[in-house]
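Protein chains: 2
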Amino acid sequence: MKNNNLRWHHNKISIKDREQLIHQKGLLIWFTGLSGSGKSTIASALEEALFHKGKLCYLLDGDNIRHGLNSDLDFSIKDRKENIRRVAEVANLMVDANLIVITSFISPLIDDRENVRKMFGKYFIEVFVDCPLNICEMRDVKGLYKKARNKEIQNFTGISSPYEKPINPEIVLNSEKNSIETLVEQILNFMSINKFI
Amino acid sequence: MKNNNLRWHHNKISIKDREQLIHQKGLLIWFTGLSGSGKSTIASALEEALFHKGKLCYLLDGDNIRHGLNSDLDFSIKDRKENIRRVAEVANLMVDANLIVITSFISPLIDDRENVRKMFGKYFIEVFVDCPLNICEMRDVKGLYKKARNKEIQNFTGISSPYEKPINPEIVLNSEKNSIETLVEQILNFMSINKFI
Numbered sequence: 002m003k004n005n006n007l008r009w010h011h012n013k014i015s016i017k018d019r020e021q022l023i024h025q026k027g028l029l030i031w032f033t034g035l036s037g038s039g040k041s042t043i044a045s046a047l048e049e050a051l052f053h054k055g056k057l058c059y060l061l062d063g064d065n066i067r068h069g070l071n072s073d074l075d076f077s078i079k080d081r082k083e084n085i086r087r088v089a090e091v092a093n094l095m096v097d098a099n100l101i102v103i104t105s106f107i108s109p110l111i112d113d114r115e116n117v118r119k120m121f122g123k124y125f126i127e128v129f130v131d132c133p134l135n136i137c138e139m140r141d142v143k144g145l146y147k148k149a150r151n152k153e154i155q156n157f158t159g160i161s162s163p164y165e166k167p168i169n170p171e172i173v174l175n176s177e178k179n180s181i182e183t184l185v186e187q188i189l190n191f192m193s194i195n196k197f198i
Numbered sequence: 002m003k004n005n006n007l008r009w010h011h012n013k014i015s016i017k018d019r020e021q022l023i024h025q026k027g028l029l030i031w032f033t034g035l036s037g038s039g040k041s042t043i044a045s046a047l048e049e050a051l052f053h054k055g056k057l058c059y060l061l062d063g064d065n066i067r068h069g070l071n072s073d074l075d076f077s078i079k080d081r082k083e084n085i086r087r088v089a090e091v092a093n094l095m096v097d098a099n100l101i102v103i104t105s106f107i108s109p110l111i112d113d114r115e116n117v118r119k120m121f122g123k124y125f126i127e128v129f130v131d132c133p134l135n136i137c138e139m140r141d142v143k144g145l146y147k148k149a150r151n152k153e154i155q156n157f158t159g160i161s162s163p164y165e166k167p168i169n170p171e172i173v174l175n176s177e178k179n180s181i182e183t184l185v186e187q188i189l190n191f192m193s194i195n196k197f198i
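The listed protein sequences derive, respectively, from chains W and H.
Throughout, this note's numbering is defined as the position within the first sequence, counted from one, plus 1.
Throughout, this note's numbering is defined as the position within the second sequence, counted from one, plus 1.
These are computed hints drawn from the structure, not numbers from a lab.
The reader is advised that the hints may include incorrect statements.
Pairs of lysine-lysine residues, derived as DSBU-like cross-links and limited to a Cα-Cα distance of at most 35 Å, are as follows [as the list claims (entries may be wrong)]: (1) W:K13 - H:K79; (2) W:K13 - H:K54; (3) H:K54 - W:K26; (4) H:K26 - W:K13; (5) W:K26 - H:K123; (6) W:K54 - H:K196; (7) H:K152 - W:K26; (8) W:K56 - H:K119; (9) H:K56 - W:K119; (10) W:K56 - H:K196; (11) W:K79 - H:K54; (12) H:K13 - W:K166; (13) H:K152 - W:K13; (14) W:K79 - H:K13; (15) H:K166 - W:K26; (16) H:K82 - W:K26; (17) W:K17 - H:K17; (18) W:K17 - H:K13; (19) H:K196 - W:K17; (20) W:K123 - H:K13; (21) W:K119 - H:K13; (22) W:K143 - H:K13; (23) W:K196 - H:K119; (24) H:K13 - W:K82; (25) H:K123 - W:K13; (26) W:K152 - H:K13; (27) H:K82 - W:K82; (28) H:K17 - H:K54; (29) H:K79 - W:K119; (30) W:K17 - H:K82; (31) W:K178 - W:K196; (32) H:K148 - W:K13; (33) H:K13 - W:K178; (34) W:K56 - H:K26; (35) H:K13 - W:K147; (36) W:K143 - H:K196; (37) W:K17 - H:K56; (38) H:K17 - W:K82.
As the structure is a prediction and not an experimental result, all values here were calculated from the model.
Here chain W stands alone, though its shape is the one from the complex (with noise of 0.2 Å):
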């Protein structure tokens, strides 16, 4: 029997191990703003851009979260609470694997964002996509708005739930005036400054 090899303990890989197999570090960037303002099309189109430069991003966002992770969750404040609360410990995780994860999520209120925030360190971006309601509303891309205008959807964002804005966000977007192109750009300016890329 060689029971006491069970008893050896591994050094496990670190994160600065993994850091020197893939060449970065991972890294939270954590969009944020109302429905229509845009959020998920620049995160999308960051995700592009970060991945021709060699980076190995992963996205998280309704559509891999709501139907999976978070199935069981609704759109109640406690729900909503723990909604973000779990997409931050997934977030945690993939950073902690060297990934860098960009959400996008509405996550309406200011403690929840800074309870992220907390957690990353100097690893945290947030993003504010800043877009006025009205022009959000004015897309509708979704037709969320109009239903919940109709009150055929409770607590929305924006019409019958509060928008905390940000208030001191590392980046602030301007959906309404700028192209994609442009707010891209102004967030790899920002890495780039900042060291991240």
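Let chain W serve as the given structure and place chain H on it in line with the hints.
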């Protein structure tokens, strides 16, 4: 105003794109077995061996899951099922991000493990760390068996809660008789033969 730009749909970077970037496919290696069977030690040694082959891996275990994402769950049957469900969903996201994910959880129920298998199809390797209960109990590295026997811990797998052995796992490791090096080699051989590495 350039609002039209925001309706332009970017093609997301796909799993195939990432595969070209980091030269690996995502994969889930799922360890199951009794407490004290050696799961985490072998999983950690496997992570190290794969790292030295240039593979980007990430180990999910009680340490990084129970204190973070699943800190709201206890050890009741219901919460154990939810624990495994969330681990599988997180692994799914990470495998989608092209990581080789290694999980180390007792995961005592066949049903739960088969649900995971269904999610991953051929990118799933179930590793059963087979070690007799009396050996695990004799080791009792964390002193948990003693507490379970004294009824200080409820629902302890193998003592007061069932462990259902896998029926047809990809790999069975005999951790009573073999060294860690031998067991890791056994897994690497399987991965090589099946073209995972």
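Structure-based check of each hint:
1. W:K13 - H:K79: Distance ~31 Å between K13 of chain W and K79 of chain H Cα, so the pair holds.
2. W:K13 - H:K54: 15 Å, holds
3. H:K54 - W:K26: 20 Å, holds
4. H:K26 - W:K13: Roughly 22 Å between the alpha carbons, so the hint for K26 of chain H and K13 of chain W holds.
5. W:K26 - H:K123: Since the Cα atoms of K26 of chain W and K123 of chain H sit roughly 30 Å apart, the hinted pair holds (cutoff 35 Å).
6. W:K54 - H:K196: Answer holds: K54 of chain W to K196 of chain H is near 29 Å, not above 35 Å.
7. H:K152 - W:K26: This hinted pair is violated, its Cα atoms lying about 45 Å apart.
8. W:K56 - H:K119: 30 Å, holds
9. H:K56 - W:K119: 30 Å, holds
10. W:K56 - H:K196: It holds: about 26 Å lies between the C-alpha atoms, which stays within 35 Å.
11. W:K79 - H:K54: 44 Å, violated
12. H:K13 - W:K166: 28 Å, holds
13. H:K152 - W:K13: With Cα atoms ~33 Å apart, K152 of chain H and K13 of chain W stay inside 35 Å; holds.
14. W:K79 - H:K13: 31 Å, holds
15. H:K166 - W:K26: Roughly 39 Å separates the two Cα atoms, so the pair is violated.
16. H:K82 - W:K26: Holds, because 33 Å separates the two Cα atoms, which is no more than 35 Å.
17. W:K17 - H:K17: Holds, at about 26 Å.
18. W:K17 - H:K13: 29 Å, holds
19. H:K196 - W:K17: 28 Å, holds
20. W:K123 - H:K13: 27 Å, holds
21. W:K119 - H:K13: Given that 35 Å is the threshold and the Cα spacing comes to 29 Å, the pair holds.
22. W:K143 - H:K13: It holds: about 19 Å lies between the C-alpha atoms, which stays within 35 Å.
23. W:K196 - H:K119: 42 Å, violated
24. H:K13 - W:K82: Holds, at about 27 Å.
25. H:K123 - W:K13: 27 Å, holds
26. W:K152 - H:K13: The given pair, whose Cα atoms are some 33 Å apart, holds under the 35 Å limit.
27. H:K82 - W:K82: Given that 35 Å is the threshold and the Cα spacing comes to 22 Å, the pair holds.
28. H:K17 - H:K54: Distance of about 21 Å is within 35 Å: holds.
29. H:K79 - W:K119: 31 Å, holds
30. W:K17 - H:K82: 33 Å, holds
31. W:K178 - W:K196: With a Cα-Cα distance of about 27 Å, the restraint between K178 of chain W and K196 of chain W holds, given a limit of 35 Å.
32. H:K148 - W:K13: Since the Cα atoms of K148 of chain H and K13 of chain W sit roughly 28 Å apart, the hinted pair holds (cutoff 35 Å).
33. H:K13 - W:K178: 24 Å, holds
34. W:K56 - H:K26: Holds - the C-alpha atoms of K26 of chain H and K56 of chain W are around 16 Å apart, at most 35 Å.
35. H:K13 - W:K147: 28 Å, holds
36. W:K143 - H:K196: Roughly 43 Å separates the two Cα atoms, so the pair is violated.
37. W:K17 - H:K56: Since the Cα atoms of K17 of chain W and K56 of chain H sit roughly 14 Å apart, the hinted pair holds (cutoff 35 Å).
38. H:K17 - W:K82: Holds, because 33 Å separates the two Cα atoms, which is no more than 35 Å.
In this structure, the hints that do not hold are numbers 7, 11, 15, 23 and 36, in rising order.
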